[in-house]
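**Q** Here is what each chain is made of, one letter per residue.
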Amino acid sequence: MNLALSDEQVFLREAARGALSRFKTVEAAREALDSDQSALPDLWPMATEAGWPGLLIDDAHGGAGLDVFDAMLVLGECGRVLAGVPLLGHLPATAILGSASAGGDLLAPLASGEKRAAYLPAEPPGEIESGWTCDPARGLARAELPTVGADGTVSGHVAFVPDAPGADVLVGVGLEDGSPVGFAVESGAAGLEVEDVMRYDATRRLGHVTLSATPATVLDASADDLASAWYLAQALIAAESIGSVETALDVSVAYAKERHTFGRAIGSYQAVKHSLTEVLRQLDNGRSLLYYAGWARNGSPGEFPLAASAARSVSSRALDYAARAMISVHGGIGATWEHDAPLYFRRAQLSRRLLGGSSGATDRVAGELLAGASA
Amino acid sequence: MNLALSDEQVFLREAARGALSRFKTVEAAREALDSDQSALPDLWPMATEAGWPGLLIDDAHGGAGLDVFDAMLVLGECGRVLAGVPLLGHLPATAILGSASAGGDLLAPLASGEKRAAYLPAEPPGEIESGWTCDPARGLARAELPTVGADGTVSGHVAFVPDAPGADVLVGVGLEDGSPVGFAVESGAAGLEVEDVMRYDATRRLGHVTLSATPATVLDASADDLASAWYLAQALIAAESIGSVETALDVSVAYAKERHTFGRAIGSYQAVKHSLTEVLRQLDNGRSLLYYAGWARNGSPGEFPLAASAARSVSSRALDYAARAMISVHGGIGATWEHDAPLYFRRAQLSRRLLGGSSGATDRVAGELLAGASA
Amino acid sequence: MDLDDTPDQAAYRAQVRAWLDQNKGSAPVLQGEGALTDEDEIVAARRAWQGKLAEAGLAGVTWPKEFGGQGLGPIEQVICNQEIARAKVPGILDAIGVGMLGPTIIAHGADEQKTRYLGAMLHGDEVWCQLFSEPAAGSDLAAVQTRARRQDDGTWRLSGQKVWTTNAQFASYGLLLARTDADVPKHKGMTMFIVPMDAEGVTVRGLRQISGEAEFNEVFFDDVALDDGAVVGGVGNGWGTALTTLMYERVTIGLGGEGMGYNSTRFAGAIAGDEAARRDPEVRHQLGEIASELLAVRFTGYRTLTALQKGQIPGPEAGLAKVTIVNGAIRAGDLIADVLGPDALDEDSDWAYMISFLPGLKSAGGTEEILRNTVGERVLGLPPEPRLDKGIPFSELRSKEGAAA
Amino acid sequence: MDLDDTPDQAAYRAQVRAWLDQNKGSAPVLQGEGALTDEDEIVAARRAWQGKLAEAGLAGVTWPKEFGGQGLGPIEQVICNQEIARAKVPGILDAIGVGMLGPTIIAHGADEQKTRYLGAMLHGDEVWCQLFSEPAAGSDLAAVQTRARRQDDGTWRLSGQKVWTTNAQFASYGLLLARTDADVPKHKGMTMFIVPMDAEGVTVRGLRQISGEAEFNEVFFDDVALDDGAVVGGVGNGWGTALTTLMYERVTIGLGGEGMGYNSTRFAGAIAGDEAARRDPEVRHQLGEIASELLAVRFTGYRTLTALQKGQIPGPEAGLAKVTIVNGAIRAGDLIADVLGPDALDEDSDWAYMISFLPGLKSAGGTEEILRNTVGERVLGLPPEPRLDKGIPFSELRSKEGAAA
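Residue numbers (the numbering used here), protein chains in the order written: chain A, 899 to 1273; chain B, 899 to 1273; chain C, 321 to 725; chain D, 321 to 725.
To be clear, the hints were calculated from the coordinates, so they are not data collected in a lab. Fair warning: there could be bad hints in the mix.
As the list claims (entries may be wrong) - Which chain B residues face chain D? A few, computed with CB under 7 Å, are given here:
no.: 1; residue: Y1098
no.: 2; residue: A1169
no.: 3; residue: A1233
Stated by the list, open to error - SDA-like, lysine to any residue: derived pairs with alpha carbons at most 25 Å apart:
no.: 4; chain 1: C; residue 1: K408; chain 2: B; residue 2: E1201
no.: 5; chain 1: C; residue 1: K508; chain 2: C; residue 2: Q471
no.: 6; chain 1: C; residue 1: K630; chain 2: B; residue 2: S904
no.: 7; chain 1: B; residue 1: K1155; chain 2: D; residue 2: T475
no.: 8; chain 1: C; residue 1: K408; chain 2: C; residue 2: Q481
no.: 9; chain 1: D; residue 1: K630; chain 2: A; residue 2: S997
no.: 10; chain 1: C; residue 1: K710; chain 2: D; residue 2: P706
no.: 11; chain 1: C; residue 1: K710; chain 2: B; residue 2: S904
no.: 12; chain 1: A; residue 1: K1155; chain 2: C; residue 2: V349
no.: 13; chain 1: B; residue 1: K1155; chain 2: D; residue 2: T694
no.: 14; chain 1: A; residue 1: K1155; chain 2: C; residue 2: A456
no.: 15; chain 1: A; residue 1: K1155; chain 2: B; residue 2: E1201
Cβ atoms here follow ideal geometry from the backbone N, Cα and C, with glycine treated the same way.
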């Protein structure tokens, strides 16, 4: 047993931190709220230089052939500084393409970063919802997947797709005669519309994707591989959230040591101290589950749905708690526009409602355990 | 507007406190756990002397003709000292009988306390459960009400009926051709079985009631009156719980002032202070809702379901929190057999799972509001 | 125990309602069709409307008659508020002045101050703001550093910074707590002043919140000249004077009822439209818990009112109602956004505004933690935390903290 | 990053498993058919089984070889624990002695003490108990009042009371923290002793908990005579010696994995049988939250183990795993009882026992609040609370507290 990072992983993480530090990502997150998202720095060239687009693509196709845990380390660094690197959409898309023989041709330009992909999130069936679903545009009821016609075209809607605007390839799951099949659609394809939407966190570019008899490449990925992409996305957003929690805790602790009230540093008061210890507790739990998810995808694939869902569930709550604690520890100043805390708060608010929502992930944890208990 | 107690109400409450102080009810609650429930003091003669059995019976039938809020004051005092006075079963039963013309004959001996009644709790339909239900013997699914046959006999089961063992009259709701009707069954009637059950809190005598073609008096109470008995029971157990919270808070605060650790009284630490303030906050909220429920039953009957359910919901959580805080503030000693805290904890644990459960009441609050919002 | 009006109260209500029925046509429209949008126009229209309300006796209901009030009790104030809400017209613009600052001046001000300021305040001719909080004196209000230095001619010079100031951008006057003696323990060296907001050296800057809106202001004082008539309640008595203001703040909160527009009916309405949500046990459970607590606050308000009618002053526990409201509304925002999804976070959504506003509100008027300390000590009688700042001159305290930091 | 055994570890595991396969027939049966019920018989059987485990090298895996251990690392200890669990046989009876008290004696004891006590402890011939906590010294362990007074002949006389003592009812020896000098500040006047539990003046009384079971004991010392050889780690060094024990306690917790039988699979099993519950979104949400945190603790254990393998000592943050486990189990108990109803509270129900046991466990080994203080200060580096008891002689401190109370 060894749950420590390898030297290569430490290097990957440090390199990511270094590369991201060259951009004022947090300031940009604030400015983009006032102006518009096109004002955000384009981090894709940096990501490409660092080799991130090909992280999960095998070396035969020009990728690094690394594992999900390595990708999670990079996402964690992005989360620390609220960097809008479109990997949450790109990486699961490359995972689906990599598991399909028809995906091979598309992979080389995606590995080099010459092209960028986005994953149309599709949630595999569970105990309550017996079919595949995707996020609805609004409301609690899950939406239906696009359908794949006999002519190979795809029709349907997928709402709130991370990183969809500007993506060169959209990779998703559709239903063909009721069975899930993977598909890839290239930008500019007939009947494809991507509506750019921004909600609360300017660093996240989302798209409402509409497909109207859009010509697509049907992918021969297995249902398990299609499902795995969903859990991969859960693990990645979990890692990203934990990165944000780290910053929230660091900044809050520093302020609690320095700010005085009633003659004492506020960090000496139990209310503040216990709240920050609670952030640490949740952070530690989240980190441990990142290891679980990172290990399970290859080490015990049957546990990957449980591990990734648990990681998503805990890390999302951790970020919610940490962002509120960050505001609260800073008193009134933490709720002002110029402070960084509101930006982490916005990130928390939006993240927990994407990709099936963190409550969906929590439900999936229960579903996996209950299914196991009765088996 | 006037939400203060009248002089008569203050007197009723003080008299109740005085009468109950003549018994060592908390000690008895502990001893009865070790021996058996028959070791509990019989508080019915005292209750009779105080006129509590007839609290809600009008004076024409020998009762005091008082209002639900007066009864709640008495229950609050019982809750303060964990007294097992069987009013939770008796009072709603008299309310149903009082609203039916056929109930009149039964009322006089119930008003005097010569006989004792118990209410078979029946929950009125809501948004999710479209029919009347009662508590199941086990599990989350609600159980069906007894049925009333064309011959006037009643058949069915009602589980966990408060104060059923030893009651002279059982008053409940059955379905006659799908419609709710009230009925009364006397002890000793054919086919009536009351299984004595004790769960965790020895001061609560519960019964599993089985009716097998049992002859009954069918009561012409309206569906609204039958529903009102359910909410009355919710309001009474809420008042009782708030009484227990008062004691838990008093005892905890006293200990927090006196016990020292690291050179300071533990009540000076924020963790303890804020936790006890939280008990007070929940207590205050619960008290306010007792006023709401007490006022609404006559002042605005359409709001009584909302008011009583909200009171139940908040007071149950308040007791749960207060009992745990009581144990926790006392450190290890609060978790020992000889301490009173575990008895309040046992009370909290059982109470929240009776009479539809406090989560059922919480759901009912939402149902009332959602129904109002769409109307 | 009842919630009904007495005959006198019913008559008062009828009178208020009749006036509102007749005059509501001249009230400013703030929402819906024909609503005013320009900030200056809104302020002007609301000031004029406050003047009409004051003339009709619907502002300052509890103020003594000699200062233009009605000399009535808190119940009449609540009846008045209820009828204004029922008529769907705005209330007075300067609720802070009329509710808290005016009563402070009535309690502690000199006769000339009462004559000069109260009438104009009540009629909305001059709007007021409260200048207490500072960047380093939020929860610990007695730590104010804004200095007022007496000059040889008896006038004062004021320098410092205040923050979290509502209405400062259009206020005529502010009631300001300043340090006038740094060589005595911190509670003893403060004085309350009336500051003209158009005085030279006063700068108001909007302070943007999470939502992007400037809901509060920062106010800077750069060597502002004040004459000696600006002192309220005597030099060195600033802390006692401030406590009066804070007591009226609690009364205002206590009477706020279910408060601040965060009520369970509104939250239920947001969810009722989603068929899947209204049948989801978890959503219902959350809504039920939130709503129960908010309903409780409504009745806590009635209990407070009953106490006020009997002449009892609400204690610090009244602040627990704010804790319940703010935390309930935060939970409601979470729930609604979970139900509606990211659309609830759209810039144009009411819910996004609420979700952004609440975290700041949690700290406004002292943090929840400090409130819980105060309630624990003053209501439950728990022992205080060890205080390291007791009895130490303010000037030494600051250097000591600096050294520790 | 992997969870697999190295070849060496796999070989060790195979060896342990082989021994257990061969010998598990002689393990005491504690549950199910043929289970022992008499308390004395259970203790005797478990002591004998511990002896067999020790002979086979399955007890004291990390103890140095010179004291009868295997001199192996924490990972082998965990492998051993895992295989014992897999074989469904009991582990060692004296986990407290072998896990915490033995290592303390190894670190601080005199050679004669090591020779005399360690072997008998390891083999279960003599069971030990930990005599640290007192009624007035729980979270604040340095406040112990049990007094050991030196006699003119160099022997000691011990008087006082200990509490929350596991296994005292059948222990042969206890490791006891006593005050030997009340005239110095409280951390400086303590000494650690080995106390024979059959000495004259020692009285053990079972302490019943919420469940009615006596899970712990009170131990009374009435002028108990101890010779000077009873001192461990030197007179006045008791606090430092106690810290070693507490460090090994953290290691034990850190290696406890999902711990104490409170695991998500078991909880899910309780709910899975109720069809309405398993389809209820609220029940599922609760279960999902609880389970996610308990799964996290399992992997936190693996991370701790990785650190231990590299020679790193777990810090106080390891205690947060206990917070997660206890609070998760409390929530699980609530959820299960809500699903099953009052039957879950029946005296014979496992869940009733768990629900009764957990509130006490929350305080055992220091309250959650103290742990959060320690983690906040030692891990996050937050400033300490003001301490009023620093540097004050213990004797004065007690009278001061008495006056304040």
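**Q** With reference to the structure, classify each hint as holding or not holding.
**A** Tested hints:
Interface hint at B:Y1098: satisfied, since its Cβ lies 4 Å from the closest Cβ of chain D, which is below the 7 Å cut-off. Hint status for B:A1169 relative to chain D: holds, with the closest Cβ pair at about 4 Å, below 7 Å. For B:A1233, the shortest C-beta to C-beta distance to chain D is roughly 3 Å, which falls under 7 Å, so the interface hint holds. For the given pair, C:K408 sits about 24 Å from B:E1201 by alpha-carbon distance, which is consistent with the 25 Å threshold.
For the proposed pair C:K508 and C:Q471, the alpha carbon gap of about 20 Å is at most 25 Å, so the pair holds. Simply put, C:K630 and B:S904 have alpha-carbon atoms about 14 Å apart, close enough for the 25 Å limit, and the pair holds. Of the supplied pair hints, the one linking B:K1155 and D:T475 is violated, its CA atoms being roughly 40 Å apart against a limit of 25 Å. A hinted pair counts as satisfied when its Cα atoms are at most 25 Å apart, and C:K408 with C:Q481 does not qualify at roughly 38 Å.
Of the pairs offered as hints, the one joining D:K630 and A:S997 is violated, with about 38 Å between alpha carbons and a cut-off of 25 Å exceeded. Restraint check for C:K710 and D:P706: the C-alpha separation of about 14 Å stays at or below 25 Å, so the hint holds. Distance hint between C:K710 and B:S904 is unfulfilled; the C-alpha atoms sit about 45 Å from each other, more than 25 Å. The straight-line distance between the Cα atoms of A:K1155 and C:V349 is roughly 49 Å, outside the 25 Å bound, and the hint therefore fails.
This hinted pair checks out: B:K1155 and D:T694 have alpha carbons roughly 23 Å apart, not beyond 25 Å. A threshold of 25 Å between alpha carbons decides the hint, and for A:K1155 with C:A456 the separation of about 14 Å falls inside it, so the pair holds. For the hint pairing A:K1155 with B:E1201, the CA-to-CA distance comes to about 51 Å; that exceeds 25 Å, so the pair is violated.
Hints 7, 8, 9, 11, 12 and 15, counting from the list given before, are not met by this structure.
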